[in-house]
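Each chain, written out:
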Amino acid sequence: MSDQVVVLLSAYSLVLLGVAQGLQALGRRSTSPWASRTLVGHLRVTGHQPQPLRDDDWPHSEVPSLYGGIAMVAALAAGALSLATLVLHHRGAVAALPLVVLGLSVLSLLRLGRSVRLRPAPGRQRDQAAGAAAAALPLEADRPLR
Amino acid sequence: MTATLEVPAEPTDPVVPVPKRGLVLSRAWIQLSALVALTGLFGLVLMGWLTYTSDPPIPQRVVSTAGTVVFTGSDIRAGQDVFLKNGLMEYGSIFGHGAYLGPDFTADYLHRSATEVMAAYGGPRSDSAARRTREDFRTNRYDPRTHSLTFSAAQAAAFPVLVAHYTTLLDSPDGRNGLRPHAIKDPVQLRQLTSYFAWSAWAAAAERPGKRYSYTNNWPGEPLVANTPTGDVVVWSVLSLIALLGGTGALFAAFGRWNWLGWHGRDQRELRFREPQAVALTPSQRATAWFFLVMAGLFLAQTLVGAAAEHYRADLTSFFGIPLDRWLPYNVVRTWHVQLSLLWVSTSFLAAGIFLVPMITRKKDPKGQGVLAYALLGALTVVVVGSMLGEVAGIRGAFGGMWSWFGMQGFEYLDLGKFWQVLLTIGMAFWVLMLWRGLRKRLATESPGNLPWLFFYAALALPVVYSAGLLTSHGDTYTVTDFWRFMVVHLWVEDFLELFTTVMVAYIFVLLGVVREKVALRVIFLDIILYSAGGVIGTAHHWYFSGTPASVLSMGAFFSAFEVIPLTFLTIEAWSFIRLGARQESRSTTPFPHRWAVMFLVAVGFWNFLGAGVFGFLINLPIVSYYEIGTALTANHAHTAMMGVYGMLAVAFSLFALRYLIPKDKWSDRLARTSFWSLNIGLAWMSFVSLLPLGVLQLYHSVEHSYFDARSLSFITSDPSRLLEWMRLPGDVLFIGGGVLPLLWMAVQGVLGVARHREVLPGSDLQLFTEVADHDPEVATASGQLS
Ligand code: HEM
Ligand SMILES: [Fe+2]
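Here the protein sequences line up with chains S and F, keeping their order. If you read the first sequence in this note's numbering, its first letter stands for residue 1, the second for the next number, and so on. If you read the second sequence in this note's numbering, its first letter stands for residue 1, the second for the next number, and so on.
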């Protein structure tokens, strides 16, 4: 395996770790319909104050685990790749790269493992914030929707 | 007030003529959709015309400057036949299209013959040799008046050398290259085949009349003949990026500005979901249990032959000591793998259509519908088995002159013989007829722009668009055959299946009572608009380098960028569906019965975004495609999009139906959960740990060295590649063992359970939910205007 390939694979694994963090962040975002852009128009037109939603309601409860699960696959893949690179290429200074990435993968897995179980970010407060924001918008009365 | 307003009024007495229900949506939606769709179609016809008029010519004869005939036009055509019927497009590729284990024969011939020519002129160290080689290949010496093409003496001398090379490769006594030993023995055929490759290599380097680039827009990159990306390739890549950014921005701005969708559904109503086993099933619905069993069986078969194909990549020389390549060489298992992917998914879609009709009409089956369903399944099985056996037999030389009818027709994705292809089309048309029988009375009471009609149109489009693939003919120039092939590979798969998906998913949610009909309709029309805007003309993203003019490349690059937009948007949409579902569950006193089917729909949304949107766009810019076409990055996109979107959807449909078909005590949420996680983790692992990094390495290699090099066996069997191929093993095992097998088991339970399920009794209720009360006056008015 050439040095070039080692660098490339390590860089790729590093990107995967970034993807893992990103996915996990996406999964933590509130999935309440009222926090979503999709409903901005609706909120403005009706000013409808939605009832808050509990974030442990299904399927909202599954969102962090779906995204978190895929994030863990990404982190695990990064770890496996850097470990394999290290096994095949452990001489020379360049071997430090996969070693560092491997360490980062382990850290990232530990972090993900903790947060995926914890099911963070209550969507409820954000719901209320979204509702309040909608109420502040100029209303066009109860115009029926089309 | 009890709200029954949303539920389309059913005629209480079929004898009394009922007034037609008016259009639910405003006419503007339909007009806009029609306008956009027609524009797309116009673009497609225009590109078809350009393809037919600007494809590289096939000369009547190729002569050397000394006047001797090197090969003839009929050699080239016969060579294409040899290529197809031996399944070489499922081994290597031509013009970048096909399988990825063998070489790209266009790039391969080009590189090898240029090396020969250069050597004849004095070798790589001589400047004049390099210049003369470039001149030989770039100068277009085709004379349209005499239909003859002139090769330089050195080019002509390279030809027999290449014949010898392909003879060694394809007539190898011990195989070990993925093909069976002595795959092609006949020296005449080997010569014809080489003529075909020589012609494609000529088109790849000779400059189009009046242009400074070749028929293939200078693809493949080859320093020996000065093939480098053209100005168009670069410019349209940039414009394509801008189109994507602009389009996405516009869509999100529109989202904020207008309430297009009005996702508020029935959220203030209280629903009571009916216990699945309390919903009566008609005979045709019960027949679908067998469809889903066949589906799961074909899915398993697809993954097993896929594993065999993968083994060839990881280790070409042996299959754990078994001489697998004698009977099941790489090109056979890959053909089956590709064909089965379409077949098992289609089986599920056909079944889902049949299953849904009685739920839509809430009526008993018309007479004999169940028998028709079984007949359809029988016919489908005959096509599957017949076409697959035909493919092996065809590759082994059976069927004589009828090879393209019964054997291996040989176009990747349209590998099945034309006879089977016709049967499959008829089968789908028969299915549409069945749906029509079931829906007929209901359709008569609806405006043709309403949901039941859209369901019918979406189904009708499937055989209609698939039948365009019938126009692919082995006698045409490759450029022309590819035009028709992508009517199926792109237009059918990426556009019309997406439409069918949206209609089905939206309808299911309407039937479950979680989404209002009007909202569902808006989503569908929005989809038609967005997909037609990008996807129809976007078909040309497959034709950048297959011999069409640069204008087709530019249209393809620009419009296909818009394809990504509905995919991002659909992810949001999928979540919105599910959000509504969640609100329902929190209110309904009976649990929502379809949580795992819905989770699979969430997966569809996720992979639509990642596999189709991100990984598709990753290879979509002409400049990227120029270096990566036919490499692992394509495989990465193909798997995450095809399995991620349509595979997951097919599973979602099957779980939806199986929830009714499997008796309560046999239904297992745990099995569904295992399958869900195994399929998703397995697919993600395959992409993240193997296909994607391999693709990155290969792309790097292609830019750094040459496309020829990146596709060579020495790259594929290099240490890093082999490592990455082996690393996917755990994911594949999980996918098959934890993902497919539980599904198969549930399908078996469905077949066993259907006998215990209660029949539809006259007057029994087919509705999936009951509404209890409506306690929000505001929403009551909003929905009141619906009826
Ligand atoms: C669910 C939607 C999609 C599915 C099922 C799908 C499936 C596929 C498949 C199976 C191939 C491989 C064809 C072959 O090997 O010849 C392919 C190729 C390709 N796809 Fe998609 N695709 C989807 C969406 C997209 C999107 C949205 C884009 C980009 C805008 C895209 C861009 C491409 C390109 C450029 C290729 C050609 C790659 C090559 O020939 O090397 N696809 N797609
Ligand atoms: Fe496509």
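Since the hints were derived computationally from the structure, they do not count as laboratory data. Just so you know, even glycine gets a beta-carbon here, dropped at the ideal spot from N, CA and C. Keep in mind that the hints are not guaranteed to be accurate.
Claimed, not checked - To spell it out: a stretch of chain F is covered by chain S in this simulated footprint if at least three of its residues, at any positions, have a beta carbon under 8 Å from a beta carbon of chain S; those stretches are:
hint	segment
1	682 to 695
2	740 to 750
Claimed, not checked - Distance windows between CB atoms, simulated:
hint	chain 1	residue 1	chain 2	residue 2	range
3	F	Thr39	S	Val15	20 to 30 Å
4	S	Val15	F	Ser473	22 to 32 Å
5	F	Val234	S	Gly22	37 to 47 Å
6	F	Val382	S	Ser2	22 to 32 Å
7	F	Tyr374	S	Arg114	46 to 56 Å
We went through each hint and held it up to the structure:
1. Here the segment 682 to 695 of chain F counts 6 residues with a CB under 8 Å from a CB of chain S, which clears the bar of 3, and the coverage holds.
2. A count of 0 residues in the segment 740 to 750 of chain F with a Cβ less than 8 Å from any Cβ of chain S is obtained; the coverage claim is therefore unmet, three being the minimum.
3. For the hinted restraint 20 to 30 Å between Thr39 (chain F) and Val15 (chain S), the CB-CB distance of approximately 39 Å leaves it violated.
4. In this structure the supplied range 22 to 32 Å is violated for Val15 (chain S) paired with Ser473 (chain F), their Cβ-Cβ distance being about 45 Å.
5. Remark: the range hint 37 to 47 Å for Val234 (chain F) to Gly22 (chain S) is contradicted by a beta-carbon distance near 30 Å.
6. For the pair Val382 (chain F) and Ser2 (chain S), the beta carbons lie near 52 Å from each other, so the given range of 22 to 32 Å is not met.
7. Roughly 53 Å separates the CB atoms of Tyr374 (chain F) and Arg114 (chain S), a value that falls within the hinted 46 to 56 Å.
In summary, the structure is inconsistent with hints 2, 3, 4, 5 and 6 from the numbered list given earlier, while agreeing with the others.
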